[in-house]
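**Q** Put chain E on the given structure of chain G with help from the hints.
First to last, the protein sequences are chains G and E. Take the first sequence: its letters are residues 12 to 390, numbered as in this note's numbering. Take the second sequence: its letters are residues 12 to 390, numbered as in this note's numbering.
Hints listed in this document are in silico derivations from the structure and should not be mistaken for laboratory results. Each hint should be verified, as a subset may be incorrect.
[Claimed, not checked] Examples of chain G residues lying across from chain E (beta carbon under 7 Å, computed):
(1) D105
(2) A204
(3) H303
(4) D309
(5) G326
(6) G327
(7) N360
(8) H374
(9) E378
(10) G387
(11) G390
Beta carbons are placed, not taken as given, at the ideal position from N, Cα and C, and that holds for glycine.
Protein chains: 2
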Amino acid sequence: MPEPAVGQGVAAIDTPALVIDLDAMERNLRRMADFAAARGVRLRPHAKMHKCAELARLQMAHGAVGVCVQKIGEALALARGGVTDIYISNQVVDPGKLLRLADAVAQQRGVRWAIAVDSADGVARLASAMAKAGVQTTGAIDVFVEIDAGQNRCGVVPGDAAVTLARQVLACPVLRWAGLQAYHGRAQHLRSAEERTAAIDHAAEAVRASCAALAKAGIGVPLVTGAGSGSFLLEAGSGLWGEIQPGSYLFMDADYAANQPLPGAPVFEHALFVKSQVMSRGADRAVVDAGHKSHAIDSGLPRVAHPPGLEFANGGDEHGILRAAQEGPLPGLGETVWLIPGHCDPTVNLHDVMFGVRGGLQHGWVERVLRVDARGAVG
Amino acid sequence: MPEPAVGQGVAAIDTPALVIDLDAMERNLRRMADFAAARGVRLRPHAKMHKCAELARLQMAHGAVGVCVQKIGEALALARGGVTDIYISNQVVDPGKLLRLADAVAQQRGVRWAIAVDSADGVARLASAMAKAGVQTTGAIDVFVEIDAGQNRCGVVPGDAAVTLARQVLACPVLRWAGLQAYHGRAQHLRSAEERTAAIDHAAEAVRASCAALAKAGIGVPLVTGAGSGSFLLEAGSGLWGEIQPGSYLFMDADYAANQPLPGAPVFEHALFVKSQVMSRGADRAVVDAGHKSHAIDSGLPRVAHPPGLEFANGGDEHGILRAAQEGPLPGLGETVWLIPGHCDPTVNLHDVMFGVRGGLQHGWVERVLRVDARGAVG
Numbered sequence: 012m013p014e015p016a017v018g019q020g021v022a023a024i025d026t027p028a029l030v031i032d033l034d035a036m037e038r039n040l041r042r043m044a045d046f047a048a049a050r051g052v053r054l055r056p057h058a059k060m061h062k063c064a065e066l067a068r069l070q071m072a073h074g075a076v077g078v079c080v081q082k083i084g085e086a087l088a089l090a091r092g093g094v095t096d097i098y099i100s101n102q103v104v105d106p107g108k109l110l111r112l113a114d115a116v117a118q119q120r121g122v123r124w125a126i127a128v129d130s131a132d133g134v135a136r137l138a139s140a141m142a143k144a145g146v147q148t149t150g151a152i153d154v155f156v157e158i159d160a161g162q163n164r165c166g167v168v169p170g171d172a173a174v175t176l177a178r179q180v181l182a183c184p185v186l187r188w189a190g191l192q193a194y195h196g197r198a199q200h201l202r203s204a205e206e207r208t209a210a211i212d213h214a215a216e217a218v219r220a221s222c223a224a225l226a227k228a229g230i231g232v233p234l235v236t237g238a239g240s241g242s243f244l245l246e247a248g249s250g251l252w253g254e255i256q257p258g259s260y261l262f263m264d265a266d267y268a269a270n271q272p273l274p275g276a277p278v279f280e281h282a283l284f285v286k287s288q289v290m291s292r293g294a295d296r297a298v299v300d301a302g303h304k305s306h307a308i309d310s311g312l313p314r315v316a317h318p319p320g321l322e323f324a325n326g327g328d329e330h331g332i333l334r335a336a337q338e339g340p341l342p343g344l345g346e347t348v349w350l351i352p353g354h355c356d357p358t359v360n361l362h363d364v365m366f367g368v369r370g371g372l373q374h375g376w377v378e379r380v381l382r383v384d385a386r387g388a389v390g
Numbered sequence: 012m013p014e015p016a017v018g019q020g021v022a023a024i025d026t027p028a029l030v031i032d033l034d035a036m037e038r039n040l041r042r043m044a045d046f047a048a049a050r051g052v053r054l055r056p057h058a059k060m061h062k063c064a065e066l067a068r069l070q071m072a073h074g075a076v077g078v079c080v081q082k083i084g085e086a087l088a089l090a091r092g093g094v095t096d097i098y099i100s101n102q103v104v105d106p107g108k109l110l111r112l113a114d115a116v117a118q119q120r121g122v123r124w125a126i127a128v129d130s131a132d133g134v135a136r137l138a139s140a141m142a143k144a145g146v147q148t149t150g151a152i153d154v155f156v157e158i159d160a161g162q163n164r165c166g167v168v169p170g171d172a173a174v175t176l177a178r179q180v181l182a183c184p185v186l187r188w189a190g191l192q193a194y195h196g197r198a199q200h201l202r203s204a205e206e207r208t209a210a211i212d213h214a215a216e217a218v219r220a221s222c223a224a225l226a227k228a229g230i231g232v233p234l235v236t237g238a239g240s241g242s243f244l245l246e247a248g249s250g251l252w253g254e255i256q257p258g259s260y261l262f263m264d265a266d267y268a269a270n271q272p273l274p275g276a277p278v279f280e281h282a283l284f285v286k287s288q289v290m291s292r293g294a295d296r297a298v299v300d301a302g303h304k305s306h307a308i309d310s311g312l313p314r315v316a317h318p319p320g321l322e323f324a325n326g327g328d329e330h331g332i333l334r335a336a337q338e339g340p341l342p343g344l345g346e347t348v349w350l351i352p353g354h355c356d357p358t359v360n361l362h363d364v365m366f367g368v369r370g371g372l373q374h375g376w377v378e379r380v381l382r383v384d385a386r387g388a389v390g
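Chain G extracted, bound-state conformation:
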């Protein structure tokens, strides 16, 4: 697929393609940075969303202390792209993967590394990889113990199990005991503010129970990290979390936009779009060239941003079927249709590049071509 040159108009972007409205994205960037600064919490955005070193560096230039990722492959791709503070907020137990991380730690190169653990075996394997890679520096990597904050996915049972793992981390000099990872992923997408508040109240109880058990064992908690774009206001206001990890706020997707806002939370704009083109017309429908090989539908179908008055129906892997919401006009053959993806993270992961547009989607121009450096880095 040919790429437009920087400076060319939006019309030069071939379809289907991911397009970032840079003006909207930068407003989102500043709003979150301002929020974190005003509340006195550290901001560590989740780069699993954009997988792009350039955007990670931009976030750090605007006050983020670093970024999170979920996979070793993502971490190494971002490090190659000049990102200097990377936290793998997930468990890794494979010796080969851990050795790749340990080799990167051994080489230093100015990157500060962190990882999460939720099992004794996991800590032992991490320590073993560090030894194998010849890492001897005290506290060479930050280690967070993940507690199950209510999602019933990863993480130890809150309380004493966290103490056992913290002791194990503390006993290994190359590992630095960094605190607790407490993220409630499912809570992010609960529609009502009330439900999300209840879920984060539950997560806060899990944090409190773990901190109390650790205190009883004489172990302090340097930091509690967690929270996403749907709930960060609650974690930041809890007095427990010192660091928040939202990712989607930068682009905002249709799924997050469907959440009832939390009172007082900053508002974010849609900044990521799929540019598509009508390639077939029926009497009652227009068919665009973007299906779910162009946008993920795990959290719902895309919404049509422009032209107005259109409803998107699933047309399979390569097609989207548009119908007029209220007998309005349908776009003609060859016309451009802008879609707002249902879920930005797996949508970005389908694309090698994102086109950063300045001056609006209708009449703007390509200012930057952003590489999805960690696209497909699932291992």
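**A** Positioned in the frame of chain G, the structure of chain E alone reads:
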């Protein structure tokens, strides 16, 4: 992500990864080739499923006349990989895309090209691109008129509209009137044999009406092409379709396997798997490192192929949550879990490579590393 060397055991494949059981795949390959040969229909498998030139060439070496794709980018990627007969079974109206196709047609290089149309504007744009690229050879590209076979997506209304487009194609010497494209995508996934039969009966009516209108206008129909892995027995038995386009049969996914078999249809085996690893364990669950960035879930969640007795629950982009179906044992930390993807097409599109394994998933070895040449080629 590091790749295992050819000859290494399955254990050397890093997770999550796409793995092909070559023995099973080759049985599927032969079963479909034998079916087409026995029924006297041309087999043109859909390469949108595997996006891999090596597999397209393998299918052609086993009797396929060529392959289908959905996008110009896919077509050009497969042509670069040595595939010599490529049909874009979809509409393309963008002048830039059509010019890329026309340039490839102009360069010849031993590739036979075909494309579908469903609008007068589409035919005019195709002819214009051919002229711009300097294509002068009579019948340089086969053109099929797509009729709406019941999916209400692309295609003209069956009957007279097909005549209008066929006349337009016949009036343009560089375009060769090739016949009708009649594919009912939605029908493929109707669970009961009865529903699928009814849907293809409807599609057959659409073909008959169009052929009758064309005959009345004195236009013969060289070929009717269409059909997928869920219905091909019906099209092949109709006496109308001369060419079938199944794709998924080669790998078989959980969604197709959930279809009630059509009586007399060849049976296909699961040949595509996601190799995943347990990276977290709770008392009641094992969490693997494969989520919907590793496998598409548009047609349902993956099934667990091995170990037995496990149910897969959605764990988000990077996790899968396994629970014992009947209080059976759960796999331990670090253990391998084999998943059968819900839908193979968009799953393959998430990966850059597929590892072809000989000798079974448990004790086999990597025989070939297959590149997904057209991964992300959505334009």
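**Q** None of the hints should be skipped; say for each whether it holds.
**A** Outcome of the hint check:
no.	hint	result
1	D105	holds (6 Å)
2	A204	violated (22 Å)
3	H303	holds (5 Å)
4	D309	holds (5 Å)
5	G326	holds (6 Å)
6	G327	holds (6 Å)
7	N360	holds (5 Å)
8	H374	violated (20 Å)
9	E378	violated (21 Å)
10	G387	holds (6 Å)
11	G390	holds (4 Å)
Checked against the numbered hints listed earlier, the structure breaks hints 2, 8 and 9; every other hint is satisfied.
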